[in-house]
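Chains S and D are the protein sequences, given in the same order. Reminder that position 30 of the first sequence reads as 30 in our numbering, one-by-one numbering, no gaps. Reminder that position 385 of the second sequence reads as 385 in our numbering, one-by-one numbering, no gaps.
By construction, these hints were calculated from the structure, which means they are not laboratory data. A quick note: this is a predicted structure, and the numbers were derived from the prediction, not measured. Fair warning: there could be bad hints in the mix.
Said to hold, decoys possible - Below, simulated DMTMM-like cross-link-like pairs (lysine to aspartate or glutamate); rule was C-alpha separation at most 25 Å, straight line:
id, chain 1, residue 1, chain 2, residue 2
1, S, Lys60, D, Asp33
2, S, Lys13, D, Glu236
3, S, Lys60, D, Glu269
4, D, Lys76, D, Asp33
5, D, Lys445, S, Glu98
6, S, Lys60, D, Glu208
7, D, Lys219, D, Glu242
8, D, Lys404, S, Glu81
9, S, Lys26, D, Asp446
Claimed, not checked - Stretch by stretch, here's where chain D covers chain S in the computed footprint (C-beta under 8 Å, at least three residues):
id, region
10, 29 to 35
11, 63 to 70
Think of the CB as a built atom: it goes at the ideal place given N, C-alpha and C, for glycine as much as any other residue.
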Amino acid sequence: MTINQISIFLENKFGRLNEILSILSKENIRVLTATVADTSDYGILRLITSNQHKVIQLLKEHGVSANLNSVLAVSVESSMEKFAETIELFTKAGISIEYMYSFSFSGKTILILRTNNIDAANDVIRRYNLNNLSETELNNL
Amino acid sequence: MGPTLYLLTRDIKNRKMTEKYWEEEIETMSRPDLEKLQLERLKNTVKQAMNSPFYKKLFAEKGLSPDSINSLDDIKKFPFTTKEDLRSNYPFGFAAVPMEKVVRLHSSSGTTGNPTVVLHSQKDLDTWANQVARCMYMVGVRNTDVFQNTSGYGMFTGGLGYQYGAERLGCLTVPAAAGNSKRQIKFIRDFGTTVLHTIPSYATRLAEVIQEEGLDPRKDTKLKIMCVGAEPHSEEQRKRIEELLGLKAYNCFGMSEMNGPGVAFECQEQNGLHIWEDLVLVEIINPETLEPVKEGEVGEMVLTTLCREAMPLIRYRTRDLTSILPGQCPCGRTHRRISRIKGRSDDMMIVKGVNIFPIQIERILMNFKELGMNYLITIDTIGNNDEMLVEVELGDLHTDDYTKLQALTKEITRQLKDEILLTPKVKLVEKGTLPVSEGKAVRVKDLRKNH
Chain S
1 MTINQISIFL ENKFGRLNEI LSILSKENIR VLTATVADTS DYGILRLITS
51 NQHKVIQLLK EHGVSANLNS VLAVSVESSM EKFAETIELF TKAGISIEYM
101 YSFSFSGKTI LILRTNNIDA ANDVIRRYNL NNLSETELNN L
Chain D
1 MGPTLYLLTR DIKNRKMTEK YWEEEIETMS RPDLEKLQLE RLKNTVKQAM
51 NSPFYKKLFA EKGLSPDSIN SLDDIKKFPF TTKEDLRSNY PFGFAAVPME
101 KVVRLHSSSG TTGNPTVVLH SQKDLDTWAN QVARCMYMVG VRNTDVFQNT
151 SGYGMFTGGL GYQYGAERLG CLTVPAAAGN SKRQIKFIRD FGTTVLHTIP
201 SYATRLAEVI QEEGLDPRKD TKLKIMCVGA EPHSEEQRKR IEELLGLKAY
251 NCFGMSEMNG PGVAFECQEQ NGLHIWEDLV LVEIINPETL EPVKEGEVGE
301 MVLTTLCREA MPLIRYRTRD LTSILPGQCP CGRTHRRISR IKGRSDDMMI
351 VKGVNIFPIQ IERILMNFKE LGMNYLITID TIGNNDEMLV EVELGDLHTD
401 DYTKLQALTK EITRQLKDEI LLTPKVKLVE KGTLPVSEGK AVRVKDLRKN
451 H
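Let the sequences and hints guide you as you build the complete structure.
As structure tokens, this is what we get:
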């Protein structure tokens with residue numbers, strides 16, 4: 001199963017991230033992960049929160065370009081061995097990872113994965129019984 | 001029936017309106033009759049112009065008078081009038097009637113020096129209102145329509161020009177003026193607006209706000225016609241406006257020196273703008289050699305007013321580049337058609353020796369569904385090279401994939417290069433970050449020092 005990730009187009013301009021976050025800061029929203037890559041012209045802020053639909057709504061009201069994307073959340077033991085094993089399963093099934101980031105939580109590493117083929121990735125998860133988290137589970141961590 | 005019949009503008013009120021034409025006789029008159037009328041009016045215009053301090057002196061120096069004109073071709077004996085002339089004779093050097101007969105003044109803002117001033121007598125305003133009514137009638141506006149004008153009022157002629165034109169036609173006219181999109185939309189819905197006048201950059205802004213409000217223009221409004229003017233825009237942009245708002249958009253050409261909106265206007269064929277030759281004499285010249293271009297070639301439009309009383313202008317260089325479309329229009333009007341404005345002879349950018357018009361770039365950008373409507377071209381000297389930066393707003397974020405965004409940037413760059421023959425740097429920016437002005441959008445910034 002997939003979870004919703006919000007992607008926000010960010011102009012590469014001093015203070016822009018701060019402006020975006022201040023739109024959201026007044027709300028009682030829990031941030032689970034956030035990431036921005038360092039490209040030259042623009043960036044994409046990827047965000048997973050406790051209330052994705054509320055965040056999207058607020059951003060739209062402020063005229064910010066944002067959308068929802070499906071990504072996979074997989075929980076593995078926090079070891080390089082487990083990490084490598086998991087990725088290998090996807091690779092062997094011919095699935096490319098478009099991007100990935102992770103965070104750790106009480107001995108577990110939660111991988112957030114975007115693949116080129118979500119259906120095939122879901123098959124891998126089922127076949128190898130990977131610990132695939134739902135939005136609710138992620139929220140309850 | 002001789003053309004003298006049309007000479008007097010006070011006849012306007014008696015002119016016959018038909019199902020299709022506001023003034024059938026004038027709009028469809030034979031070319032020989034139209035040219036006879038032009039010749040007569042041209043002579044009168046020269047005579048009238050000689051009442052102004054500027055032309056009196058100029059024509060005396062050159063030995064010119066109405067007698068210099070025996071055919072329309074004789075216009076070539078006369079010198080051009082430029083915006084610079086208007087500026088140096090600011091404010092009243094062109095007045096051809098006693099000031100007590102002048103009832104209105106319009107002015108276009110200049111970035112440097114004096115603005116230009118255009119003076120109108122009551123008769124001039126009547127002619128202008130009738131001219132705008134003729135344009136609007138041509139695209140199907142009737143007295144049962146509700147017309148909302150989102151133009152700035154005041155000095156900008158798109159405000160009062162359309163106001164009086166729509167009133168002359170008999171529309172319920174809503175002078176909403178510029179800005180405050182939510183209020184515009186409320187008026188559109190509450191008053192049942194069917195016809196809008198906007199500048200192209202604002203048309204798309206309005207469409208965005210309608211969408212943000214969760215409304216469908218096709219279901220939630222009665223809009224059916226839009227008059228679009230004041231900024232050159234491409235066919236692609238028109239199509240987008242029509243698609244976004246579910247209406248027919250018609251291109252209007254005007255300039256304050258020639259009254260304002262309504263100098264030329266598209267008919268329902270949407271193929272070229274009929275320029276009202278009973279009111280202006282058209283020439284298309286090569287802006288470098290100042291010689292007439294060959295029939296159908298692109299050049300700078302030069303206009304001579306044929307009916308203006310307070311401030312006649314002889315061979316005014318509009319700086320707008322266009323061409324005369326060949327052939328007759330299926331709509332039955334005999335007044336010739338000009339192409340969409342292709343740029344301005346003073347708007348042309350020369351980058352690395354290549355002549356480029358902003359409209360060429362716009363045409364490419366508008367083909368990308370992923371992009372928004374606003375763009376900004378910046379030219380700067382980097383090292384010893386001129387570099388062009390094209391910033392364009394992304395529409396709604398359609399992907400969160402850098403690879404796809406990069407591919408998009410690359411494809412835009414490639415298509416632009418095919419069009420303008422040099423490689424610009426293309427930068428995607430967030431929606432709402434580029435300037436959208438209430439007046440005319442700024443599309444080009446030239447930061448080159450040695451330019």
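Hint check:
{"no.": "1", "hint": "S:Lys60 to D:Asp33", "result": "59 Å, violated"}
{"no.": "2", "hint": "S:Lys13 to D:Glu236", "result": "31 Å, violated"}
{"no.": "3", "hint": "S:Lys60 to D:Glu269", "result": "39 Å, violated"}
{"no.": "4", "hint": "D:Lys76 to D:Asp33", "result": "21 Å, holds"}
{"no.": "5", "hint": "D:Lys445 to S:Glu98", "result": "38 Å, violated"}
{"no.": "6", "hint": "S:Lys60 to D:Glu208", "result": "12 Å, holds"}
{"no.": "7", "hint": "D:Lys219 to D:Glu242", "result": "15 Å, holds"}
{"no.": "8", "hint": "D:Lys404 to S:Glu81", "result": "32 Å, violated"}
{"no.": "9", "hint": "S:Lys26 to D:Asp446", "result": "41 Å, violated"}
{"no.": "10", "hint": "29 to 35", "result": "violated (count 0)"}
{"no.": "11", "hint": "63 to 70", "result": "holds (count 6)"}
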